[in-house]
Amino acid sequence: MSPRPGFVLEVDRSTPPTLFWHGEGFHLERLPVGSRVIYPPEPLPALTDPDAAIADALEHPLGDTPPLRALLRGGMKLTIAFDDVSLPLPPMRAPDVRQRVIEAVLDLAAEAGVDDVVLVAALALHRRMTDDELRHALGERIFNAFAPHDLLTQHDAEDPDNLVHLGLTDEGEDVELNRRAVESDLLVYVNINLVAMDGGHKSVATGLSSYKSLRHHHNVRTMEHSRSFMDRHHSELHTSNWRMGKLIAEAGVKVFQIETTLNSNTFPEQFGFLQHREWEWTWKDRAGFAASSKALERTPPELARRIFHSIRSPHQLTSVQAGEVGPVHDRTLEHVHRQQLVTVEGQTDVLTMGLPFISPYNVNSIMNPILVACLGLGYFFNLYRGRPLVREGGVVIMSHPTPWAFHPVHHPSYVDFFEQVLSETTDLHEIEAKYENAFATDPWYVHLYRTSYAYHGVHPFYMWYWCAHALSHVSKVIVVGGDRAAVRRLGFSPATTLADALEMAEDVVGRDPSITHLHAPPLLIADVQ
Amino acid sequence: MDFLLRSPTRPGGIEPAPSEKGTGVDYATAWARRYPVRLARAMILDDLTVPAVQALARPHILGRDALERLDGPVIVTANHASHLDTAVLLAALPASRRHRTVVAAAADYFFDRHWKSVLSAFWLGAIPMERLKVNRRSAEVAASLIEEGWSLVIFPEGGRSPDGWGQEFKGGAAYLAKRCGVPVVPVHLRGTRAVLPKSSRGRPVRLRPGRVEVRFGHPMRPSQGEDARRFSARLEAAVAVLADEAETDWWSARLRASRDETPAIRGPETSPWRRAWELAESADPARRRRRTGSRHEGRTDWEASPPPRWPRNGH
Amino acid sequence: MRALVFERQLARFAASRVAADLAGSGRGVAVGPLELGEIEAPDLPGAGFVRVAPRLAGICGSDLATLDGRSSRYFEHIVSFPFIPGHEIVGDVEGGALDGQRVVVEPVLGCEARGLAPPCPACAAGNRGRCERIAFGRLAPGLQTGYCTDTGGGWSQSLVAHESQLHPVPDRFSDEAAVMIEPTACAVHAAFQGSAGGRRVLVLGAGTLGLCTIAALRQYSLPGVLVAVAKHPEQRRLARELGADHVVEPAEIVRAARRLTGSLALTGRGGALERVTGGMDVVFDCVGSADSLAGALSVVRPGGEIVLVGMPGPVKVDLAPLWQREVMLKGAYAYGTEETPSGPASTFDLARDLVDACDLGQLVSARYPLERYEEAIGHAAAAGRRGGVKIVFDLRRRPRRGRGVGTDDKETP
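Chains as they are written, first to last, in the numbering used here: chain A, 1 to 529; chain B, 1001 to 1315; chain C, 2001 to 2413.
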């Protein structure tokens, strides 16, 4: 049976309750009759022979570039950059796509006798990856061949010796990149396009750049004008990255881009109910839901977190394309849209969403309140093309426990942002003007970012900016089942149940509002007509 | 009275008498070959070390019959990549020989402290050996033991390989074989590094149970007029053939050996990553298959490359 | 007259100590050496002394420590038993030149009150708090009114005080505002003890003393950044209102100090911060416990200053950081004469102005009659948690409603 496309369900009296993610757990909620539920398309079939597909993509690149084999020669300087631990979500079962692709690249490099090869994790301002995470992403072989010789590196956006300023774009944006990448004869970027935001020129221009460069597109103004940042042709974020990409190419940095797309087979068998449609739940799905939600009620949060973060997703490769950035990314987007696009008629007054336990920035970590806001108002809100799912002045209702908890190693600046900045103001422009610079240059955060496993000091600001479009668009945000103090600190309204939240929403949008539920993950993009 | 209760202090200007507890090459291991100690070691070897090796490394032993046919002392030489090698090799020896075998161990590593010396001598029956050169004293000790009927395990590379590839064989084993007139059995060990790697750059080492192969070669003696250096090179070549056999099969290895095409165990002289890459290539048979399945023949111009066997995606 | 008397009874000291340890501060009163009774008003000890009839008398942290049996044995020689506690006093003068006037008592019993001439060097210089002769002269030993058997104390209907101790209160002051002048004077003195001008300053503790110190610093020292540590919501509100730039929770001190000074830090297991490597220039410890002192040491910068404002007892503190970071630890007790930019000024005058400027009378949260002293002391010990700051005894003949601003009248009968 070929996978069915996504669709919009209208809730009637015989519709079973709808699954809502709730952090490390899930609820079944009855939505009012007449509400709409947007279901993602079913997982696309995987490539039958991924290794052959990869070899083929390297052999037949898109755009104006010879195949990788012809670009490799003895004595050259080759750098292979790859996406970091923030992709894919949840981390995929071994072998990871990056391992498959980089092994293929290295095989060609070995054949060609390329001695000088360095791998770079394109962290941007994310935390460094642990050895275990690198092992998982790249596989044992690559790790063992490169790590002992210090040839497996992680981009350090705070190392002045290893950054090169390439110049200014037409709009006066600084472009500062990883020195090794710039000085290589060839830079191969291995990307995973889980959502439409990833990839393209953003891979290199963001992943291998510095704060000096990032601040030109990671700011409130850009984010307010990225509508949405999942739609690159209407995203100021991407436009800026594309300008930078142009400059990078003009500066003579030769990039060979390899982009991959995955299907939406997100959760393992035993969690099948998470990606089946409720009226099609088999007895196994129902038993699985009952057993896991019962068990989770009795599980301490710390343990539940550990269990959920040990989930390895059965994602499979649906396409791989290599070559010149532009044509490669266009092809990639076709594949992402093929998997994720759902047509939705018209906007809604109230948008509900269940937020899962994971966001790009808390892999093997704690989803702190700032990340909850970012996942809901940054990522999920922006999963649209055309117009936002919720109308201007509408209400967003998110379900997540939103604990007042922070990972002390991964998110040190987040705690301070939450304690100091958000307690003073939640206003984006004020925050940006008053606090960003102090956090971005704080030597302690810089130290932790470089030597420990901490996100950069400025990163919580970006998470907050990510919400910019949503915050200026909706008139109220309600969090169901969250820590009340933490939710208030974010400037949102806490509610105990979904019914309460809908009541509260009516105060804003009027009686009998239209309600739409985003049934994700698995992820989807709403094509709002 | 206080004086009687404490160890006396030494007056200034008096030199301390030299300690009798020698370490390094000077450590005397004779005690470890006395009967009660041997008995205890045999028990530990058979009841602890061998089962542990079985559980951890599930050794697959090939060609041991060559060794079983020999009487009298032999010198066993093997490539060296892991601390596990000694235990695996001892476990692979026939039981009767295992109990009458000493192991040449690096004096600067296993005998640098008194407690380490005691432990090495007792547990492995180790004797201290200088790594890089033939030391008169350690050679004397080893030679006299061989003459007494003890077999000797020695790793002629002089230490564990830093990257998994073999290193040059030092001359010690060949010298002893010539001097004592005993045969040398070349052995190739495969997979021990995967179970217990050498730690690199302070990364913690993890024990990963796996499967190792122990390949015994035919016993070798120095030929007429062959000096120790030549004989040592021949031993290295013999281990290389065994290594080749482990990668391919016995026949291919023989053919290649006869054509003088056996790949060197020291690996290609390229950059570190490519050495590691080549090594991993050979260590993972599944990977080898995968790669040959998708490899394009020859290195032609890209436009002239053969059509893909796999349909292009997205058309 | 009616008074609360503190007797020297070792068994009851011990009992109150145990009760305080088990049930919490303030719970030892019922079994402790404090008793309500009808006693003779003290005699006038000599020339210059007058009677004062208290209107309001505050319950101070040092009183609570004494009642809990936690105070240091250091004080044994400079108090005399039995005594009537209470040194935060506003009352009416009976007799003498100030007859009929409303005054605040400056409780320190220095050379002048003790009839010692010539005065000791400290008294001569106007720093009565540092008087060397508080155990000598015509009065029994006693560092302050409220600890001396001859003078009586505020928790009664009448006490005696030397005219040099009296500060008339302007009419516009409510009794509540007036009773705050004495604790505020301690805070003002503390503010002048630390060199806080233009520097990064942390105030630990947001009880009466902490809040007044914040106000005093803001008014007289002009610190660069003033950070307050407060546990309870009402304390946080007041701290911010009185001039703290940042208010943080006790658990956040190290993080806040690091963040606000841009310092590096040393982390323990799991990434939790243990101490900052730089830190605050001056820390005012308005708690005086082992924990607060250790906290102060963990956030003060090398070469910085810690001013001990709250009364400490015997505490066990690791002084390694004090030594290695060359930190100056300084006490701040009572009052005297302060060097202001416009010349020397009496601490009490400065305190009076500050109470006026910042409306510190609002800190008086509840008034109790003497009869309900157990309740009053229990409330004082839990003031922060119960949303209060300063608890006072009301000794006025009849309750005067409406004179205090923002005070809580329900506690009065």
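Because the hints were derived from the structure by calculation, they are not lab data.
If you're wondering where the values come from, they're calculated on a predicted model, not measured in any experiment.
Where is the CB? At the ideal position from N, CA and C, for every residue including glycine.
Do not rely on the hints blindly, as some may be mistaken.
Okay, the calculated bits of chain B under chain A, using three or more residues with CB under 8 Å as the criterion [as the list claims (entries may be wrong)]:
#1 1066 to 1075
#2 1181 to 1187
Below, computed lysine to any residue pairings styled on SDA-like, alpha-carbon distance capped at 20 Å [to be verified]:
#3 A/K77 / B/D1249
#4 C/K2231 / A/R488
#5 C/K2231 / A/E419
#6 C/K2231 / A/E424
Verification of the supplied hints:
no.: 1; hint: 1066 to 1075; in the structure: violated (count 0)
no.: 2; hint: 1181 to 1187; in the structure: violated (count 0)
no.: 3; hint: A/K77 / B/D1249; in the structure: violated (37 Å)
no.: 4; hint: C/K2231 / A/R488; in the structure: holds (19 Å)
no.: 5; hint: C/K2231 / A/E419; in the structure: holds (14 Å)
no.: 6; hint: C/K2231 / A/E424; in the structure: holds (18 Å)
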